[in-house]
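Undergrad: Work out the full structure, taking the sequences as your base and the hints as a guide.
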Amino acid sequence: MTWASAGEFFAMGGYGVYVWGAYAVTAVFMVVEATLTIRRRRRAMHDAMRSSNEGMGS
Amino acid sequence: MADRIHWFTFAAPSRFYVLSGFLVPWLWAVCAVLTVVGLYVGFFVAPTDATQGEAYRIIFIHVPAAWMSMIIYLAMAGWAALGWAFNVRMAAMLARALAPTGALFTFIALWTGAFWGRPAWGAWWVWDARLTSELILLFLYLGYIALVEAIDDVRRADKAGALVAIVGAVNVPIIYFSVRWWNTLHQGASISMTAAPKMASTMLLAMLLMTLAFWAYAFAVVFVRARAIVLEREAEHDWVQELRRQGPPGRETFA
Chain A
0 MTWASAGEFF AMGGYGVYVW GAYAVTAVFM VVEATLTIRR RRRAMHDAMR
50 SSNEGMGS
Chain B
0 MADRIHWFTF AAPSRFYVLS GFLVPWLWAV CAVLTVVGLY VGFFVAPTDA
50 TQGEAYRIIF IHVPAAWMSM IIYLAMAGWA ALGWAFNVRM AAMLARALAP
100 TGALFTFIAL WTGAFWGRPA WGAWWVWDAR LTSELILLFL YLGYIALVEA
150 IDDVRRADKA GALVAIVGAV NVPIIYFSVR WWNTLHQGAS ISMTAAPKMA
200 STMLLAMLLM TLAFWAYAFA VVFVRARAIV LEREAEHDWV QELRRQGPPG
250 RETFA
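Going down the list, the sequences are from chains A and B.
Position 42 (the first sequence) corresponds to 41 in numbering that gives the first Met the number 0; numbering is contiguous.
Position 68 (the second sequence) corresponds to 67 in numbering that gives the first Met the number 0; numbering is contiguous.
Derived from the structure by calculation, the hints contain no laboratory data.
Careful: at least some of the hints might be erroneous.
Said to hold, decoys possible - Chain A is nowhere near these chain B residues, computed Cβ spacing over 10 Å in every case:
# : residue
1 : N86
2 : A159
3 : S177
4 : I190
5 : L211
What the hints assert, rightly or not - Simulated restraints on C-beta separations:
#  : chain 1 : residue 1 : chain 2 : residue 2 : range
6  : A       : E7        : B       : E235      : 56 to 66 Å
7  : B       : W25       : A       : A5        : 30 to 40 Å
8  : B       : A199      : A       : S4        : 20 to 30 Å
9  : B       : V32       : A       : L35       : 17 to 27 Å
10 : A       : S4        : B       : Q186      : 24 to 34 Å
11 : A       : L35       : B       : H236      : 18 to 28 Å
12 : A       : R38       : B       : V32       : 19 to 29 Å
13 : B       : A49       : A       : W19       : 14 to 24 Å
14 : A       : E7        : B       : P196      : 42 to 52 Å
Cβ coordinates follow ideal geometry from the N, Cα and C atoms, glycine included.
TA: So, in structure tokens, the structure goes:
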């Protein structure tokens, strides 16, 4: 499949709104999910460390 | 003596945590490579469709997302059932880890389907059997998540969730066979176990590559979430404190 220009690629034969609307939302949601989940795991480790400090400190 | 298979060896949250920590970075790498190759084939190798023009290229994320939404639900129900039957905490934690990702893929299938339906059928939405049963799948996922979060006693919540997940599993074959059992606007199966695929091989290749990419993504994200759940539940246990003292065994990149 050869696209004559970048413009033609983004236009997707007139269906650009539909194709990129679908792909953009998909990409955003997947990146956000991955980011939030990795942060959740790191926060959980951080909280586990903190709770043990409190237990041992007193 | 290694003459007995230790079926439950990775049921230990500590072992799961360490193993998944090693695997997750590789899963992200596999996902990235497959995505790049799959999208390249989909946009620069696969030709224009004779009837739908370029709009059909949504297929490369729509079908993989729909497949993942169904597979993840079955995995979730399966792990929930195993956790309930054998009273294994790790299985229940995996079921909980799977649910949000399954819900996400269901939403993506519905969203990309709507954006494909508008140019292809002239409609963002129709209440046909496949679309409706996929929407119900989304409600089942959200219902499962809401239920397990609502019950304070964690083990009770696991069991209640397992019941909901197992009962809801009947919806998955309904989604799959809907295009055969009912007269639907949604097209029938292009790929079957018994006949040659009814689509161009480059299109099929891109679709399969993206399916594998989504699968790798799902494993990575679900493992990370399961690791979070393990730490949240097992924080007081010795092995967590050991990890804290010694640091994790591997690099844990994006894990």
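Undergrad: Does each hint fit the structure? Answer for all of them.
TA: Hint-by-hint comparison with the structure:
1. Every Cβ of chain A is farther than 10 Å from the Cβ of B/N86; the closest lies at roughly 24 Å, confirming the non-interface assignment.
2. Distance check for B/A159 against chain A: the nearest CB is about 23 Å away, which clears 10 Å, and the non-interface claim stands.
3. With a closest Cβ-Cβ approach of about 22 Å to chain A, B/S177 is found to remain outside the 10 Å limit, as its non-interface label requires.
4. Here B/I190 stays apart from chain A, with its beta-carbon at least about 20 Å from theirs, past the 10 Å limit.
5. Against chain A, the non-interface label of B/L211 holds: every CB pair exceeds 10 Å, the least being about 15 Å.
6. The hinted window of 56 to 66 Å between A/E7 and B/E235 holds, with their beta carbons roughly 60 Å apart.
7. The hinted window of 30 to 40 Å between B/W25 and A/A5 holds, with their beta carbons roughly 34 Å apart.
8. For B/A199 and A/S4, the Cβ-Cβ distance of about 24 Å falls inside the hinted range of 20 to 30 Å, so the restraint holds.
9. Checking the proposed 17 to 27 Å range against B/V32 and A/L35 shows it holds: the Cβ atoms sit about 24 Å from each other.
10. The hinted range of 24 to 34 Å is satisfied by A/S4 and B/Q186, whose Cβ atoms lie roughly 32 Å apart.
11. The hint said 18 to 28 Å for the Cβ distance between A/L35 and B/H236, and at roughly 25 Å that hint holds.
12. Taken as a hint, the range 19 to 29 Å holds for the pair A/R38 and B/V32, whose Cβ atoms sit roughly 24 Å apart.
13. At about 22 Å, the beta-carbon gap between B/A49 and A/W19 stays in the expected band of 14 to 24 Å.
14. At about 28 Å, the beta-carbon gap between A/E7 and B/P196 misses the expected band of 42 to 52 Å.
In summary, the structure is inconsistent with hint 14 from the numbered list given earlier, while agreeing with all the others.
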